[in-house]
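2 protein chains.
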Amino acid sequence: MSEDNAAADPAVPFSLAIDAMGGDNAPEIVLGGLERAADRHPGCRFLLVGDEEVLRVALMRFPKAAKICTVRHAPGLVSMEMKPTAALRLRDSSLRVAIDAVARGEAGGVVSAGNSGAMLALAKIVLKTLPGISRPALAAVNPSARGDVVMLDLGANISCDTRNLVEFAVMGEAFAKAVLGLPAPRIGLLNVGVEELKGDERLRLAADALRDSPLAAQFHGFVEGHDITAGTTDVVVTDGFTGNVALKTGEGALKLASLLLRRVFRTNLLTRLGYLLVRPGLERMREWIDPRRYNGAVLVGLNGIVVKSHGGADAEGFAAAIDVAMDAVTHGINEKIRARLGQIATLTLSSDETQGAAVPADV
Amino acid sequence: MSEDNAAADPAVPFSLAIDAMGGDNAPEIVLGGLERAADRHPGCRFLLVGDEEVLRVALMRFPKAAKICTVRHAPGLVSMEMKPTAALRLRDSSLRVAIDAVARGEAGGVVSAGNSGAMLALAKIVLKTLPGISRPALAAVNPSARGDVVMLDLGANISCDTRNLVEFAVMGEAFAKAVLGLPAPRIGLLNVGVEELKGDERLRLAADALRDSPLAAQFHGFVEGHDITAGTTDVVVTDGFTGNVALKTGEGALKLASLLLRRVFRTNLLTRLGYLLVRPGLERMREWIDPRRYNGAVLVGLNGIVVKSHGGADAEGFAAAIDVAMDAVTHGINEKIRARLGQIATLTLSSDETQGAAVPADV
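Keeping their order, the protein sequence lines are chains F and E.
Here the first sequence is numbered in the numbering used here, starting from 66 and rising by one per residue.
Here the second sequence is numbered in the numbering used here, starting from 66 and rising by one per residue.
Hints are computed from structural coordinates only; laboratory data are not their basis.
There may be inaccurate statements among the hints.
The calculated lysine to any residue pairs, modelled on SDA-like cross-linking and capped at a C-alpha distance of 25 Å, are [unchecked claim]: (1) F/Lys-320 <-> E/Gly-296; (2) F/Lys-320 <-> E/Tyr-359; (3) E/Lys-320 <-> F/Pro-345; (4) E/Lys-320 <-> F/Leu-325; (5) E/Lys-320 <-> F/Val-329; (6) E/Lys-129 <-> E/Glu-381; (7) E/Lys-320 <-> E/Arg-331; (8) F/Lys-189 <-> E/Asp-265; (9) F/Lys-189 <-> E/Lys-129; (10) F/Lys-320 <-> E/Ala-103.
Below, a sample of chain F positions facing chain E; criterion: calculated Cβ distance under 10 Å [to be verified]: (11) Ile-293; (12) Thr-294; (13) Gly-346; (14) Ala-404.
C-beta: ideal position from N, C-alpha, C; glycine also.
Work out the full structure, taking the sequences as your base and the hints as a guide.
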């Protein structure tokens with residue numbers, strides 16, 4: 066175990082705090098996820114936050130989860146529809162109490178399948194950004210032809226300036242090292258073409274800053290939309306608007322392919338026989354691109370690990386989100402960010418939206 | 066034939082002007098495309114612009130193309146690497162002479178597989194925007210689960226304001242009517258969530274303006290990345306940066322699916338047999354999502370139809386770009402834009418980048 070192993074730190078009693086009440090099918094899905102986590106992360110303890118009475122009863126059906134969890138009562142509930150401002154006022158919600166546990170150093174991180182906006186707002190206010198980071202970003206792993214790729218920001222920041230993008234590169238590198246285990250992840254900056262002149266001033270300045278930074282050797286330069294699934298780089302950096310659209314567009318396209326494929330196999334008796342012959346391989350392929358496997362977006366850049374599970378995730382999906390959080394905590398993603406920022410003496414970049422002459426895209 | 070049939074207008078001698086020298090394999094690919102166009106568009110004439118000597122020789126191998134084309138000599142060449150500013154100075158290039166023919170009313174539109182940046186710059190300067198349109202946009206058709214979907218802007222404008230987005234909706238509607246033949250296309254505005262509060266001020270103002278316009282009944286509201294391939298709306302409106310990334314991300318994801326599928330079928334003898342059983346259906350599927358079928362992005366909003374073919378397109382792809390241009394000319398896309406703009410008395414929208422409070426995405 067390395068020095069930055071927070072899970073082994075005796076001062077941190079719980080690996081993670083878990084919001085038991087967030088998501089479409091809480092707490093069953095959450096407890097089902099913990100049941101799987103008990104096998105995958107032996108020796109770890111989790112702080113399970115929610116309505117104590119409900120959880121005591123529910124835990125009877127999840128004996129392995131019951132063994133690794135300590136329940137903390139939090140009667141309040143942040144509903145999926147609640148506005149962030151309302152969620153901020155609710156001090157006894159399961160989400161708030163779980164995040165508070167991280168702030169107090171009782172847990173290395175938090176996982177919730179609840180209200181995204183509320184989670185982002187609460188986490189930012191309670192945990193605060195790491196020194197040297199101006200804004201946290203949502204990062205997650207996506208499938209590519211050459212292995213897993215980290216993309217960020219996936220939607221925490223609608224507009225980003227040059228400094229934000231450079232910080233995202235630092236955080237994306239740390240994520241790829243901690244969660245994907247890559248020694249020197251390659252970083253790409255998403256643009257509408259790969260030539261240096263493409264895009265706007267904001268992107269060109271971010272590229273210049275990265276070429277001038279300790280990340281220079283790992284900086285690939287600009288990448289385009291198709292490079293995400295091609296796996297041209299291990300990390301793809303972009304603003305939260307573009308990242309969110311790209312994430313959902315890619316998922317949608319894979320869904321379209323799967324729909325068309327289903328039609329092909331259902332054409333007639335021969336194609337149905339063909340399906341039977343390739344079924345094992347198809348199932349492996351489906352599993353591999355299964356969004357559940359990629360569940361768990363990390364809000365990186367805060368004092369503590371914050372992982373958002375999809376609200377509609379099943380137990381397997383929630384278990385994947387726990388895995389991501391465990392990797393981020395155990396392999397010290399925040400220590401890696403701090404170390405890298407320490408090498409970058411000062412990010413001498415304006416925090417203004419510097420939109421200069423824009424060069425159109427290739428089509 | 067309708068009134069707006071420019072091809073039937075005796076004052077316009079050529080349906081289209083064709084840049085014979087643009088693209089990776091010019092002029093062979095271009096002439097191969099015209100050979101196919103001769104069958105698909107009987108009675109139409111094309112102005113073929115390029116090096117006369119080269120074209121005379123090459124046309125001997127494309128007898129059908131030779132019959133429908135009039136060659137116009139243009140010795141200059143805009144290379145794929147040439148900067149737009151350099152291309153603008155080259156008055157005898159095949160690209161320039163072809164666009165000039167449209168400006169003079171000799172042809173209804175122009176098709177080129179050449180340098181994108183040069184084409185956009187030249188077309189804007191020579192043809193100028195339609196009255197009431199502030200900036201042209203690149204529009205093209207994409208596959209979806211519910212039929213073809215028009216997306217714009219695909220990269221002509223890196224940053225767009227509210228007014229641009231509203232104009233793109235008007236142009237997208239006209240495109241869907243003319244090229245897809247839809248009587249009342251449904252329009253969506255690409256965002257990071259469907260709730261009214263999502264995204265930035267620019268998007269919220271554009272949505273408000275569309276709800277207040279004659280397009281209100283066809284305006285669906287915000288759509289997300291996965292809605293593009295789901296076919297939630299017939300038209301997807303976005304800025305050129307996001308549109309370019311979304312287009313390429315979707316293409317990349319379909320390519321990944323096809324790569325994974327190939328691996329599945331190649332696993333062993335049984336899977337190879339399975340492939341043989343489903344091959345006809347797979348080939349139809351591949352054809353259906355084939356980027357060649359969707360080749361031909363229209364730069365809408367100019368006085369004349371301008372179609373960009375992919376530089377690496379083959380003859381079938383170039384023929385598809387000619388088809389798009391013919392549809393746009395024959396079904397009067399510009400007349401449809403003018404009619405719609407006539408209904409919108411004044412677009413009382415600021416042309417400034419009005420970036421207000423941004424609301425983060427759902428993930």
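Which of the numbered hints are not met once you compare them with the structure shown?
-> 9, 10 and 14
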